Amino acid sequence: YRTASLVVARSRGERFGLPLAEAMRLGIPVVTTGYSGQVDFCTPSTAWLVDYHMAPSLAHVSGSLSLWAEPSTLHLGAQMRAALDNE
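Take the sequence shown: its letter number 76 is residue 76 in UniProt numbering, and every next letter is one higher.
Source of the hints: derived by calculation from the structure; they are not laboratory data. Fair warning: this is a prediction, and the values are worked out from it, not measured in the lab. Backbone N, C-alpha and C define an ideal beta-carbon position, used for all residues, glycine too. Fair warning: there could be bad hints in the mix.
[Stated by the list, open to error] Pairwise CB distance ranges, derived in the manner of DEER restraints:
id : residue 1 : residue 2 : range
1  : 65        : 25        : 32 to 38 angstroms
2  : 46        : 13        : 18 to 24 angstroms
3  : 86        : 3         : 30 to 36 angstroms
4  : 78        : 4         : 15 to 21 angstroms
5  : 5         : 66        : 33 to 39 angstroms
6  : 66        : 4         : 29 to 35 angstroms
7  : 73        : 41        : 20 to 26 angstroms
8  : 3         : 54        : 34 to 40 angstroms
9  : 67        : 22        : 16 to 22 angstroms
10 : 3         : 39        : 25 to 31 angstroms
11 : 56        : 25        : 33 to 39 angstroms
12 : 87        : 22        : 14 to 20 angstroms
13 : 4         : 41        : 16 to 22 angstroms
14 : 86        : 15        : 25 to 31 angstroms
Given only the sequences and the hints, what does the whole structure look like? Please build it.
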């Protein structure tokens, strides 16, 4: 982490997001999807959150009603730029 300028997690769902918490502890800016377990500590005031929409899950455990968060690629890029420009 010590050489990272930014940590990005384009996640469709996390239980917790330990690498994000570790990066934040070291003062490294974090960009991540604004959904799932990481939003317990990744908030608009502590991280750059990426917009998303719910989409059918293509995971190996998916059923006909399984959904996951699909992060916006355009917003991800904008949030990465904003985080880097804020440095």
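Status of each hint after checking the structure:
1. At about 37 angstroms, the CB distance of residue 65 to residue 25 agrees with the hint of 32 to 38 angstroms.
2. Distance hint check: the CB atoms of residue 46 and residue 13 are about 20 angstroms apart, consistent with the given range 18 to 24 angstroms.
3. For residue 86 paired with residue 3, a C-beta distance near 19 angstroms fails the hint of 30 to 36 angstroms.
4. Roughly 20 angstroms separates the CB atoms of residue 78 and residue 4, a value that falls within the hinted 15 to 21 angstroms.
5. Judged by the Cβ atoms, the range 33 to 39 angstroms given for residue 5 and residue 66 holds: they are separated by roughly 35 angstroms.
6. Distance hint check for residue 66 and residue 4: the Cβ-Cβ separation is about 33 angstroms, which falls inside the suggested range of 29 to 35 angstroms.
7. For residue 73 paired with residue 41, a C-beta distance near 24 angstroms keeps the hint of 20 to 26 angstroms intact.
8. Between residue 3 and residue 54 the CB atoms are about 35 angstroms apart, so this pair conforms to the stated range of 34 to 40 angstroms.
9. Checked against the given bound of 16 to 22 angstroms, the beta carbons of residue 67 and residue 22, roughly 28 angstroms apart, lie outside it.
10. Taking the beta carbon of each, residue 3 and residue 39 are about 27 angstroms apart, inside 25 to 31 angstroms as hinted.
11. The hinted window of 33 to 39 angstroms between residue 56 and residue 25 holds, with their beta carbons roughly 35 angstroms apart.
12. The supplied range of 14 to 20 angstroms is met by residue 87 and residue 22, whose beta-carbon atoms lie about 19 angstroms from each other.
13. Take residue 4 and residue 41: their Cβ atoms lie about 18 angstroms apart, and the range 16 to 22 angstroms holds.
14. Under the hint 25 to 31 angstroms, the C-beta atoms of residue 86 and residue 15, about 28 angstroms apart, fit the expected range.
This entry does not satisfy hints 3, 9, going by the numbered hints stated previously.
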